[in-house]
Amino acid sequence: MLKNGHLSDEEIALYAEAVIAKKVDEMDESIRTHILECNECADKVLAVTEIHEDFLDSENNTPVKTIALRKSYWLQIAASIILIFGAGLIVFQIKKVNKNTIQQFADIVDSTTVSVDSTNLIQNKDKHIAQKKQDAVPKVNQPEKTPQTVHKNLLAYAEDANMEKLVDRFKNGALRGSFSIDSQSTIEIKQNQELVLEWNNENKELLIIEFFNNSGEKLFEEETSDHNFKTKKLSTPGLYYWKLLNEDFDLLFCGKIIVQ
Amino acid sequence: MLLNESKLLILADKVVNRYINKGVIPSREREDTQMLIVEKFILKQKSIQKNYSEKSNITTYCISVLNNMCCEIIRKDLKYWKNELEEIPEKQENHGLNTMKNIIIQDEIKYLDKILNLFGSEKHKIRLALCYYYMIQIQKQDIINYAKNSNATIKELNPNTKINKSEKLNNLAIFVNSVENKNIKPDAIRMWLNKIINIIIDRLNSPFNRANYNKESFLILYELYILPGKNNFIINKKDHA
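Chains as they are written, first to last, in this note's numbering: chain A, 1 to 260; chain B, 1 to 241.
Just chain B, same shape as in the assembly (with noise of 0.2 Å):
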């Protein structure tokens, strides 16, 4: 057995847990969904245990299974639940709303962390080039860390000089080059720039097509994941729509 009876019903309660969290799953459908995959998985418990390999931790292995089998029934039963997702009254009434939306805005921007963690080391690089582009204070820490090997000067990174974006992307494209030792040219940061935020968009609305975001939502969850409490934007955002 690759797990015991209690620890596979703590894992699929949080597997299911995931999805109500994110308005996938209506939280009614709790009980029937994790029994659905406790089921799936006591079945093919031979050929789940036939494909591990022992590389991964066996929870962690368990939790991909678990969360692919959860998946699985999504796609079945999103059209049924659609309706009743969708029918959900807006809470009209100021009471609580704003804790709400702030647990809200709480959660997606951890979420963005995550989806950025994703990248590996580029992470800091992408930081600070979506920090430079939307012209938002750029934290020292993401100097230190993606230009730590290097003398490059960031003096061309002054986030408080209004240049137009050709301007931007061509300062970026000398800051990365003098890092990265390479010769970029800002036509290729610019298509670098734009693929990454398009990827990160579709994560943010990932899954099973969660979220709207579009690229001025975007912007303000990333200036509020990078200045935490600022209400105020440093730019015009209007510059960027």
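This is chain A alone, in the form it adopts within the complex (with noise of 0.2 Å):
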């Protein structure tokens, strides 16, 4: 917090976004007592989401705008095409009659504003080639946050209401006697880091580790009969679920994996 006893802009921000993203609680806990009692700090952060959440919509609304652009950068190539092509032709038609002919010609073709138009579209053209590619390199090199990214972002970790039930069921362990998990209901890992998953298998059952994403789909199964799973499928950052199941494909455990 600053000197003056309110959040900085950046606090601001952090907390727009967990309003947003409906992750308040996961915010800290100073944080969110003063945003309950300062409402200078509360207009601000109420302020921000709004604004944030104006922009987002309004960047959904932007693909349409980008046809129409590239709709009218097609028609400036195809008019330039023609253009340069009549051009060449009345030219070609013009250089066949005599050379007193082309030079009044070219006397014409400087005056005219069609050849001062094709010029100009070819220039167009060819900038907006060099812009395009331009914009395109840092893309590819240097991903920068995106409101569409961020909005990706945020649906990576939104819960599935069925999954988290199914957590919910299994919060204080697994729900058959003989059988103990020893990893938490929620593992926290970094990108690319090994998830590790343990639990007590005594009778070196065979086991089924199954992972799904956020959605709740399931995206691929694993066989065990050791007392831990080990992976780095998972190094894609987001919320996901998994269960474990004995070989009756009995349900003993389902926990969730956040990937930061």
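Do not take every clue at face value.
Said to hold, decoys possible - Here are some chain B residues the structure puts well away from chain A; computed CB gaps all over 10 Å:
id	residue
1	Tyr111
2	Lys182
3	Asn214
4	Lys215
To be verified - Okay, derived cross-link-like pairs now, DSS-like style, lysine-lysine, Cα gap no bigger than 25 Å in a straight line:
id	chain 1	residue 1	chain 2	residue 2
5	B	Lys82	B	Lys55
6	A	Lys23	B	Lys110
7	B	Lys195	A	Lys23
8	B	Lys55	A	Lys190
9	B	Lys123	B	Lys195
10	A	Lys22	B	Lys82
11	A	Lys23	B	Lys123
12	A	Lys23	B	Lys114
13	B	Lys22	B	Lys76
These are computed hints drawn from the structure, not numbers from a lab.
We put the beta carbon where it would ideally sit given N, CA and C, even for glycine.
Join these two chains into a complex; the hints should help.
Encoded structure:
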């Protein structure tokens, strides 16, 4: 917090992001208490939340604009090609007639808008293509945090209601008496870090581990008779769920994995 | 450069637009205010960049900075604008008034929801407690959201029962204690509820005293928020005046 007892611009921004992602409870306790008591900071958070949502909404509408822009871009190219072709054809025809006429035509062409337009269009086209190339390079090398990617990122951590119910059921461990889970209900790992799931499998039973994304769709499954399972397959940041089943497909445990 | 020029202009426009929609900035001041905050942002760019520690998204951070700058301008110029804002004559004709009213009410309902979202998971408890306190039909989902991990009974929270305020607070205390496994007294519930209502009303009236909500008008808005489309109040509002 700043010296004047209010939240900094970045803390306001962070809280607004948490409100949008419905993750206010994950914010620092002191910040939450401050927001509850300080109208000024709460107002700022509300403002940033509203403006950011408004911005995201308008960004979501941009593909329509892009298509429209693309249309005009292709029309420009088509028009310039036609004009170049037309001009070329005229020059070719005139060359056939005589040199004098060519000279006359050259004078005419210089003064007509057709030739001026076509040159401009070609230049515009070149500029446009060069600009596009320029724009494309940093996007590949340096992924900027655009609102769409933020939105995608937020969605990657959205919870699946059905899976959450299951996770809640197994919050205190596995339901089967002889079987115990050593891993926590929610596991947090960093990107590209190895995920280790642990349990107590005294009877060396064959177990099936299933992994799901945050929409509840199955990603992959593995089998083991061991006390643990390690994988590096979950490398994309987001929320995942995992289920542990025995050979008879009885659900032994369901937990969640947060890849940061 | 934190933002490119076009994005900066878009964000500045969104910021100013918010305060125009809230009736704080007169619409004719749109461009001037927008240019002022863009200029401020460009001039202070170095310090803005220095204060950014990349914890939040760059766009959200810039919105936060631009919003602060806009608020500074409003604080400075509001006294000049106030006369202009107050001079706007109220429309007398009925034509289109209902549609206008509906849009405003919908905006206010959305704003109330955003205010409640600031409370995080406590939102569910607040929604439930307010519904019971104001005797508005309790939504099943609110009970599930608040009491999902407990076997607490909700028989005490029957909104059709005609009971006085102290009985309501007593029942609320029993319910909250059974869900949260605490020993809170009804008086503590009363104080908590009063504090929450005052916070919500203060936030509804912000920014820059744009509205004039009191407990009665808040009750009307809250009922519309919980039961959209319902015009008949379940209880007589005079009980709570």
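Verification of the hints:
1. Tyr111: violated, 8 Å
2. Lys182: holds, 18 Å
3. Asn214: holds, 17 Å
4. Lys215: holds, 17 Å
5. B:Lys82 with B:Lys55: Violated - the C-alpha atoms of B:Lys55 and B:Lys82 are around 38 Å apart, more than 25 Å.
6. A:Lys23 with B:Lys110: With Cα atoms ~19 Å apart, A:Lys23 and B:Lys110 stay inside 25 Å; holds.
7. B:Lys195 with A:Lys23: With a Cα-Cα distance of about 23 Å, the restraint between B:Lys195 and A:Lys23 holds, given a limit of 25 Å.
8. B:Lys55 with A:Lys190: holds, 16 Å
9. B:Lys123 with B:Lys195: holds, 14 Å
10. A:Lys22 with B:Lys82: violated, 36 Å
11. A:Lys23 with B:Lys123: holds, 12 Å
12. A:Lys23 with B:Lys114: Within the cut-off at roughly 13 Å; holds.
13. B:Lys22 with B:Lys76: Cα-Cα ~17 Å, so holds.
The structure fails hints 1, 5, 10 (numbered hints given earlier, in ascending order).
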